[in-house]
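Trainee: Dock chains B and C against chain A, hints included.
Residues per chain, in single letters:
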Amino acid sequence: MTALATNLRVVKALGMRSIRQTFRRPQLLAPIVVFPTILLAIQTGGAGSAVNLPGFPEVQSFLQFMLAGAMMQSLMLAGNSGGIAFAVDIEMGFTDRLFAAPISRFTIVLGRLAGTAALGLFSALWFLAIGLVFGAEIESGLWGALIAIVLVTASATAVGGIGAAIALRTGSASVVQGLFPLVLVVLFVSSAFFPVDLMIEPAKVIAEYNPMSFIVEGIREPIISGVDASDLLGAVAAILGIFGLGLVLSARALRHRLRVG
Amino acid sequence: MEATVALPAWRANLATIGALMARARNELLRVPGAAIPGVLAPTIFFLGLNGVFGALTQLRGFEVGAYESFIVPISMLQGAGFTGAAAGVNMARDIEQGWLDRLLVSPAPRWVLLAATVLSASARALIPATFVLAVALPLGAGWPGLDGLLVTFLMVAAMAAVAACWGSFLALRFKSQSAAPLMQAGMMAAILTTTAYAPLALLQPWLREVAEVNPVTEVVEAARQGFVGTVTWSETWPGLLALAGLFLVLGALALRQMRRTGH
Amino acid sequence: MPAIEVAALERAFDDVKAVQGVDLEVAEGEIYGFLGPNGAGKTTTVRMLTTLLLPTAGRATVAGHDVVKEAREVRATIGVALQEAALDPLMKGRELIRLQATLQGLPGAEGKRRADALLERVGLSDAAERRVGGYSGGMKRRLDLAAALVHEPRVLFLDEPTTGLDPVSRKTIWEEVRALNDDGTTVFLTTQYLEEADQLADNVAIIDDGRIVAEGTPAALKADIGDPHIRLQLEEGSIAEAERAVAAVGKLLPPVDGKTVMVEVADGAAEIPAVVRALDEAGVAVGALELVHPTLDDVFVAKTGKHIPTDGDTA
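Protein chains in written order, with this note's numbering: chain A, 1 to 261; chain B, 262 to 524; chain C, 525 to 839.
Careful, some of the hints might be misleading.
[Unchecked claim] Derived, one-sided and incomplete: chain A residues facing chain B with beta-carbon distance under 10 Å:
#1 P26
#2 V34
#3 I38
#4 L39
#5 A41
#6 I42
#7 N52
#8 P54
#9 G178
#10 F180
#11 V189
#12 F193
#13 L198
[To be verified] Some chain C residues judged to face chain B by a derived CB distance under 7 Å, without partners named:
#14 T574
#15 L577
#16 L578
#17 R599
#18 A600
#19 E608
#20 L614
#21 L623
#22 G629
#23 P631
If you are wondering where the hints come from, they were derived from the structure by calculation, not from laboratory data.
As the structure is a prediction and not an experimental result, all values here were calculated from the model.
All C-beta atoms, glycine included, are put in the ideal place defined by N, C-alpha and C.
Pulled out of the complex, with its shape left as it was, chain A reads as follows:
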């Protein structure tokens, strides 16, 4: 069997394991799905009148606007959750078992990312379903839904790389868990929950340059209007940038972990 085929098999096996880990324990899904759903409901109900503000984009409803933000929140929590699970594996010694196996070490990271990608896919499908059930339309139809799903899944994988890097570097689940407030901060200073033009300084300025805003807009546009090439390119570039950063950080952290044991 070629090295590539072997690595793919390993990634698949480890990916299946991480998927099973998450979906077999509902308490791990709660932060990824339940919290963002509750927040979506509350923010839609509480701030829904915002659609009447001058300058608010033309949308069918505030829910339609917020779906992308909910997916963003969920995928970032999925990345954090994947990092926590990876750190638990390190604490328990499971990764040592993998390191001692005749496999490419980087497949261990990729396997974990495969699990995070599956969570991202689940989030995308969940919130699209929520939207449809509660009357939000996907303006660009099936293509728009597919684009959203792909972008969310890819973003989850990219963010998961950062989570994996932190897990490898620190080896501590509580440290990774402690980064949860950071997830909130990043989301609040993006266009996840409100149009950038209507945000208050300094959040507005930060949101204009926040890569998460580019990703959110890429997911949102097909839902609230149509597929926009520049928004899509911006999202893809941001995802690739985060993914690249995650890969570099993970590779360094992996070398560090192998050195210190």
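Mentor: Relative to the frame of chain A, chains B and C by itself:
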């Protein structure tokens, strides 16, 4: 063997509550950074919500001045909710690690054990509330006046007590820290399905109906009054009544669950 | 009045009966050993007697108080050191004992005095101002024991007090238990270690699958099983020849493998010369010879058909 010397029951109970509260304090004093998450989360919410939804004050019907003033009591109450839920998580950890058994085999009454958890949470909730306020005031939140401040902190402490009862009930029911998301989500939903984001008239119909029956709305309005206007008894007593009712119900559930731990 | 009296005690968890109709009586001032493998029902029984768990049937009294109807009175008279030493790692040793004193209703000054005395007694005075999280396993058990004694209980429950400890720490705990008993404290001790029950207990109950299968003094239980036996490892000669030779001296026991012969001898060590002589005359060379007395495990095997698993450190 000499006879055991014992205090009168009321003094023993007070001493037990004090000793257990001192133990709860250890986490803050002896674990570096333990207080940070509890303080950080409501502060982030305050800054985030203000930065994101601040423009809502431009809507007709939102005549309350600065959004900071409108939202700061929500963040303070959220801090109370987090703190109380965290007390529940700590109790669940104590159950998992067998520490609660040590308390349950002692002659200390069950209500005394619960009272220590509740009072600790109430006191601890004042820390994030103070921090949020200290951040909000320079950013434009109006000074609530001494009466407004007292009412708000009273609501915060009492809300934390309610949250601690909720968290303790779940901890004793499920005997596991995996109930933590339920503890947190319950409090989040209770506090945010109110006039948290906007006045009642501007809420979406479904949330308006929920907020109208949610007793925590009265707590929010009572805590907020000093920040957006003046403090009156007519705005305060419904919040006190709501908290008293919630405390009685959730406290009774928690106490019942504690008494049933051996069943 | 017995210190502990149990009649038809049962505890069911859904369809599973963890404890099935246990009867026992513990006299004042006794060390009572409750021996059995993991999952036999020891901890469940202790939790019922210490009011942490309600029985589903039967009744029990501790120090004259019913564990269900007079639970609070029971708690005031017992000391408990449970299987998992439930200690707060953030607390200092002295703080923990003083907290326990407060829980027991002792005045502050009295609690302080007793804490100092107990820490001295269990050899933890020097570590008293250190956090429990930094204690070794043996230190934690000693601290747990000290905390259980702060209110000078009439009855002390120790649930597997030496599980996981090294042999030296185990011996230290044993010495402390003996000293407590010498002071008049009744001790109810659960253990999975045969030697512990043998060494410490005045009376032993062996529990398996929620039922008591044997009860009595360790000596009586072992004597009930049978005589000691001699175990021989052969160096040269056939097993058959060896068996024929020793059968004339004592009662031949069933073989365990192709190189070992076992013969029961009523007079113990006194029969060894006769066995050696018989084997010598048969031309059988013995590599190793051991006189084996019945153990509580033999009692367990006789009653249940299986061994009490050991974890290799029953030194």
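Trainee: Confirm or reject each hint.
Mentor: Results for each hint:
{"no.": "1", "hint": "P26", "in the structure": "holds, 9 Å"}
{"no.": "2", "hint": "V34", "in the structure": "holds, 6 Å"}
{"no.": "3", "hint": "I38", "in the structure": "holds, 6 Å"}
{"no.": "4", "hint": "L39", "in the structure": "holds, 8 Å"}
{"no.": "5", "hint": "A41", "in the structure": "holds, 8 Å"}
{"no.": "6", "hint": "I42", "in the structure": "holds, 4 Å"}
{"no.": "7", "hint": "N52", "in the structure": "holds, 6 Å"}
{"no.": "8", "hint": "P54", "in the structure": "holds, 8 Å"}
{"no.": "9", "hint": "G178", "in the structure": "holds, 7 Å"}
{"no.": "10", "hint": "F180", "in the structure": "holds, 8 Å"}
{"no.": "11", "hint": "V189", "in the structure": "holds, 7 Å"}
{"no.": "12", "hint": "F193", "in the structure": "holds, 5 Å"}
{"no.": "13", "hint": "L198", "in the structure": "holds, 5 Å"}
{"no.": "14", "hint": "T574", "in the structure": "holds, 5 Å"}
{"no.": "15", "hint": "L577", "in the structure": "holds, 5 Å"}
{"no.": "16", "hint": "L578", "in the structure": "holds, 5 Å"}
{"no.": "17", "hint": "R599", "in the structure": "holds, 5 Å"}
{"no.": "18", "hint": "A600", "in the structure": "holds, 4 Å"}
{"no.": "19", "hint": "E608", "in the structure": "holds, 4 Å"}
{"no.": "20", "hint": "L614", "in the structure": "holds, 4 Å"}
{"no.": "21", "hint": "L623", "in the structure": "holds, 5 Å"}
{"no.": "22", "hint": "G629", "in the structure": "holds, 4 Å"}
{"no.": "23", "hint": "P631", "in the structure": "holds, 6 Å"}
Comparing the model with each numbered hint stated earlier shows that all of them hold.
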